[in-house]
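Colleague: Let the sequences and hints guide you as you build the complete structure.
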Amino acid sequence: MTDTVSQPEIREVNRIVVRFAGDSGDGMQLTGERFTSASALFGNDLATLPEFPAEIRAPQGTLAGVSAFQVQVSDHDITTPGDAPNVLVAMNPAALKNELSKLEEAGTIIVNRDTFEERNLKKAGYEDNPLETGELSGYTLFEVPMTSLTKEVCKGIEGIKPRDAERSKNFFALGLVSWLYQRPLEPTLDWIEKKFGKTPQVVAANNAAFKAGHAYGETTEAFDYAYEVKPAQLESGEYTNINGNTALSWGLVAAGQLSQRPLFLGSYPITPASDILHELAKHKNFGVQTFQAEDEIAAVASAIGASFGGDLALTTTSGPGVALKGEAIGLAFNLELPLLIIDIQRGGPSTGLPTKTEASDLLMAMYGRHGESPIPVIAPYSPGHCFHVAIEACRIALKYRTPVMLLSDGYLANGSEPWKLPDVDSLPDITTTFTTETNHVDEDGNNHFWPYKRDPETLARAWAIPGTPELMHRIGGIEKEDGTGNISYDPSNHQKMTDIRQAKVDRIANDMPPTWIEGDMDADVLLIGWGSTWGAIASAVKQARSEGHKVAHAHLIHINPFPRDLGEVLSKFKTVICPEMNMGQLSRLLRAEYLVDVQSLNKVQGQPFTTTELHEIILEAQGKK
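So the mapping is simple: this note's numbering equals the position in the sequence shown, first residue as 1, plus 6.
A portion of the hints provided could be inaccurate.
[Claimed, not checked] In silico BS3-like cross-links for lysine-lysine, where the CA-CA straight-line distance does not exceed 25 Å:
{"no.": "1", "residue 1": "K217", "residue 2": "K200"}
{"no.": "2", "residue 1": "K609", "residue 2": "K103"}
{"no.": "3", "residue 1": "K630", "residue 2": "K578"}
{"no.": "4", "residue 1": "K108", "residue 2": "K129"}
{"no.": "5", "residue 1": "K200", "residue 2": "K290"}
{"no.": "6", "residue 1": "K161", "residue 2": "K217"}
{"no.": "7", "residue 1": "K426", "residue 2": "K108"}
{"no.": "8", "residue 1": "K426", "residue 2": "K288"}
{"no.": "9", "residue 1": "K103", "residue 2": "K200"}
{"no.": "10", "residue 1": "K459", "residue 2": "K405"}
{"no.": "11", "residue 1": "K290", "residue 2": "K201"}
{"no.": "12", "residue 1": "K129", "residue 2": "K161"}
{"no.": "13", "residue 1": "K426", "residue 2": "K548"}
{"no.": "14", "residue 1": "K548", "residue 2": "K236"}
{"no.": "15", "residue 1": "K108", "residue 2": "K161"}
{"no.": "16", "residue 1": "K161", "residue 2": "K200"}
{"no.": "17", "residue 1": "K502", "residue 2": "K405"}
{"no.": "18", "residue 1": "K204", "residue 2": "K236"}
{"no.": "19", "residue 1": "K201", "residue 2": "K288"}
{"no.": "20", "residue 1": "K548", "residue 2": "K578"}
{"no.": "21", "residue 1": "K217", "residue 2": "K204"}
{"no.": "22", "residue 1": "K217", "residue 2": "K201"}
Calculated from the structure, these hints are not laboratory results. Computed from a prediction, not measured in an experiment: that's the story for all the values here.
Modeller: Structure below.
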């Protein structure tokens, strides 16, 4: 007679939200990314929220060093990583204490029991072991000795010491959760082979731990149920899982090809923008040049030089870097050269919160230069949308001969979603032409090149590559005479140039789409947002409308200039609410421009809005709560 293992019931659910948490050295980001990738290959819709520790170098086992990764996987269209996780995987006491409040009521907790010893409990601020006190009795708790089991399965692997084997415990956790939610194993096993192929012992250890975690779930009979999320009904096409920074990078590469110009990046590495530099450095085969500067000013100055030389030039940074680059951006504005400034926003002033998200640089993007120096401002709304916004920003910069500020944020930069690969033929033509001949004849019949002679439609000035025969010209930071480009101290000329540069930005609205608005146009309540607030607003509006409430949602991609019909749109609604991850910056702009009583909903906690937060606001605005 042989013992048999009873198989748990597999329950089909329409979505799951899983949160992995542990030390910054525990590989939680990697674990979350692998679970996400397997789900993407399975065909689910998904959205992720990587949570990096505020103190990257915090001592092991402390609250400040907790790293987390949340992912929502569904069989239908979703726009957020979920409000509250169904399952929390906590690799140590600090992770449990830090993340428990985020878990849904009566949710599932999976802990690495081996780490709940006196030293780690003390670091996390526990007086007693929470696994033994009963304080977790309201949850479904699974205590799994992940560390010891990982060491055990790695015993026979040559060259792997117990301490080395311990590093694979995140793959044990991944294997267990993969079983719990019926994720395919092959994608992760293939990835391990590709990633660590040069060190066979590491491949063996990670494979062993991953398979052991899966087998643990399958054989221990500790779990009454496993769960399955069916593939989502996504639009047909070829998809990849992509985060915002990668999508931006690919969009920039595409823009270089579409414009038929070399792409130049001058950048000083700064969190959370550094990944764009890393990604673009891989694409030299597409004519991409990357320059890692010693400081922010050198970075933007190099990009201005590249633009003057005829390249499609950009610089990447975060809020503190934009502050440092301000004068140079003003120079590019005065020179009227195409230049893309990508600001991946982060929390707080000064050093602030480098790993936490915020959207507090809007007013700096609008007004953060001395003098009257307006530049276009544009913002993506999702990780995948970053690709298309990068192309649009380059189009505007090239067509109108102006710097453009692109405002992403840490939530979009690090978050991911399934992204349908675009048809290359559907991408816009953004080729630009240079002036190659003289463009002005004086009273004596002599031919000249006037660098500030403008296109009558766009007001863009003539752009000539240095070295073009007979087109020698001088440009610099001192005010120019309209047309000739000669230095001018004439008061009336300065007024004229200031007016022209503002008018040029205003004309961009002529080839922008109308305001993007969805929902009930006869509603009393409108939610308007920009940037990464789109996902939570869209989800909350969808939920409210499914409950029978009338509400509309407008979202701004182009912020300077605003869409031409925005004032008319806002005037149709009695109540306009603007959720922002700042203290009300877009609200101020809308009130000033359209004299509409826009109500601010502000959040500066380093966290994105949740659907629940905004759903409650909608109900309150309608007197339903």
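Colleague: A separate judgement is required for each hint: does it hold in the structure or not?
Modeller: Hint check:
no.	hint	result
1	K217 x K200	17 Å, holds
2	K609 x K103	23 Å, holds
3	K630 x K578	21 Å, holds
4	K108 x K129	21 Å, holds
5	K200 x K290	23 Å, holds
6	K161 x K217	15 Å, holds
7	K426 x K108	31 Å, violated
8	K426 x K288	22 Å, holds
9	K103 x K200	35 Å, violated
10	K459 x K405	15 Å, holds
11	K290 x K201	22 Å, holds
12	K129 x K161	30 Å, violated
13	K426 x K548	23 Å, holds
14	K548 x K236	22 Å, holds
15	K108 x K161	37 Å, violated
16	K161 x K200	23 Å, holds
17	K502 x K405	21 Å, holds
18	K204 x K236	36 Å, violated
19	K201 x K288	17 Å, holds
20	K548 x K578	20 Å, holds
21	K217 x K204	21 Å, holds
22	K217 x K201	17 Å, holds
Violated hints, in rising order: 7, 9, 12, 15 and 18; the structure is consistent with all others.
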